[in-house]
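Trainee: Single-letter residue listing:
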Amino acid sequence: MNKNYFEIIRAGINSTFQDLGRNHLYHIGIPFSGAMDNRNYLLANKLTGNNHNHPVIEFAYQGPHLKYHGNPINIAITGDVNYEIKKGDNLIDGKCYQSFILENNDELDIISTNKSVYGYLAISGTFDLKFQWSSCSTNTKANIGSNNGKKLSNNQKINIKEINQNFVNTKLNYVNTKIENIRVIKGTNFDYFSEEGKEIFFKNEFKVSKLSDRMGMRLEGKKIENIVETNIRSEGLIKGVIQVTADGFPIIMLSDHGTIGGYPKIGVVISADYDKLVQLTPGSKVKFKDVDLNSAETLFKLYDLETQSLISKI
Amino acid sequence: MIKNISNLGDAALYCDFGKEVNRETNTQVIKYFKTIRKKNILGVNNITPSYNKLIISFDLKKINFDKLKKIIDSIEITKSDNIQNKKFEIPVCCEKEFCLDIKRLEEILNMKKEKIYENFFEKEFFCYMTGFIAGMPFLGDLQENLRAKRLDTPRVKVPKGSIGLTEQFANIYTFESPGGWNIIGNTPLNIFDNSKEKEPNLINPGDLVTFKRITKEKYLNYHE
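Protein sequence lines, in the order shown, are assigned to chains H and V. Count the first sequence with our numbering and you get residues 1 to 314, in order. Count the second sequence with our numbering and you get residues 1001 to 1224, in order.
For reference, chain H alone in the conformation it holds in the complex (with noise of 0.2 Å):
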């Protein structure tokens, strides 16, 4: 028996259990899966005194309403994103980036994230999951993951195996940044688009499409024309990967992304603005931006320090 668990209002619109993700597993088609905001994820569970491979909730869009029974538990949740927690007849305004202690009966309801797709909660403790491979990490296109690879349903129970009672008062002063700019290095097949169609990519500003989920980002914007074919012999895949497909459109592989695909790669998004890449809502604006090897290198060895120092403030 359980005796702490989360009884579930609404499940919002697509809240998942997700941790770090799986590896060594693209060669049989399954995706690396995962906090799609990396950064976000680990200081949830920073916020919350948990070690960082701690499964967490996340959620989309609208995040669950739940209603919480058992034993005191500390929660934090982050991202950019509009909450409440109900304690008897007290109604308290949500802040992200700050520990909060939940009490027996008390509610939380995660409204909606602000302008941006993805927000996170982590407890001070484990939910009771199931692992595969490795991971809890839910891919609802493939049902594998925890929750029998499903989103969180309404009407449903979410079970706490432990509580970490060491509760720690925890604050973080950060504001997530949006991106109009995503940074790219040019991809295997940069050389099968006309000039113009090189010039539309780095130059004109495209739009997220509403078909945008887990599994990838589809781009509109003025058509890339594709000047030796339009397919290719089909091969491996990773996330950030720009394919451009026969109609000319841009579709960015997102962290549940088919392991293997057959349209030409016209770049790759560099790994230090995948977190922000991901943020984007439908309707956003963004613009291609060029850089090399090198440079995206170094981007990420300070996107990364951010990430540590931001951390390690904690």
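FYI, nobody ran anything at the bench for these hints, they're computed from the structure. All residues carry an ideal CB built from backbone N, CA and C; glycine is no exception. Be aware that a few hints might be false.
Covered by chain H, per the in silico footprint, the following chain V stretches (three or more residues, Cβ under 8 Å) [claimed, not checked]:
#, region
1, 1043-1049
2, 1052-1060
3, 1124-1131
4, 1141-1152
5, 1213-1221
Per label pair, the in silico range of CB-to-CB distance [stated by the list, open to error]:
#, chain 1, residue 1, chain 2, residue 2, range
6, V, E1107, H, N51, 55 to 63 Å
7, V, K1113, H, N231, 53 to 61 Å
8, H, K157, V, E1106, 17 to 25 Å
9, V, K1061, H, D292, 16 to 24 Å
Add chain V to chain H, keeping to what the hints say.
Mentor: Just chain V now, with coordinates in the frame of chain H:
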């Protein structure tokens, strides 16, 4: 042999084995895949073999392109295990509701659908790789007169079990997913089972596959 190594973004190596797509090239790719996997190189996250490419993705915190390229350049392939040849017969139903793109193929190939099916069902296929979605086998080689391109705009949802054709290959959608292949039928057989962590895939690289046409009645009452 690897003909060229370049970078795919800042966190992956793109190893090119040449333009030819045939069993010999693919066998080389698989041998490299197995050898590199055994080495457990620190920082390597995933190795994805395909017809004539091998993509090695890595953790940029632990290693970078130049360092990993040096390691891969120095690898010598030793005699590795022969690829096992299991044989499978996959039941396929080609009722109207399952063959979403047969009309498109009739037009592109300038061939009646019965002729397309006749050609398709007489072929024995070789599994080159698995992936895109979990467990999806890429099967070759389709006869030259059945080769067509992908859809210009991929479908957002291809039904589970769909059999697709593109260029010289056939595949099976192991679950509902986006995809751009020309769909000609559907199998009731479960090709991927994630409850078997050690061997979730029914069909693996090197296996031989034929397809067998079944009626709708058989399809609906199919038991594995």
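Trainee: Confirm or reject each hint.
Mentor: Each hint, compared with the structure:
Here's how the region 1043-1049 of chain V fares: 5 of its residues keep a CB closer than 8 Å to some CB of chain H, so the rule of at least three is met and the hint holds. Closer than 8 Å: that is the beta-carbon criterion, and the region 1052-1060 of chain V has 6 residues meeting it against chain H, so the requirement of 3 holds. Counting residues of the region 1124-1131 of chain V whose CB lies closer than 8 Å to any CB of chain H gives 3, which reaches the minimum of 3, so the coverage claim holds. Here's how the region 1141-1152 of chain V fares: 4 of its residues keep a CB closer than 8 Å to some CB of chain H, so the rule of at least three is met and the hint holds.
Taking a C-beta to C-beta cut-off of 8 Å, the region 1213-1221 of chain V contributes 0 residues in contact with chain H, too few for the three needed, and the coverage statement is violated. Distance hint for E1107/V and N51/H: a CB-CB separation of about 59 Å, consistent with the stated range 55 to 63 Å. In this structure the hint that K1113/V and N231/H lie 53 to 61 Å apart at CB is violated, the actual value being about 23 Å. A hinted range of 17 to 25 Å is violated for the C-beta pair K157/H and E1106/V, which are about 52 Å apart.
A C-beta distance of roughly 20 Å is found between K1061/V and D292/H, which places it inside the suggested range of 16 to 24 Å.
In summary, the numbered hints that this structure violates are 5, 7 and 8.
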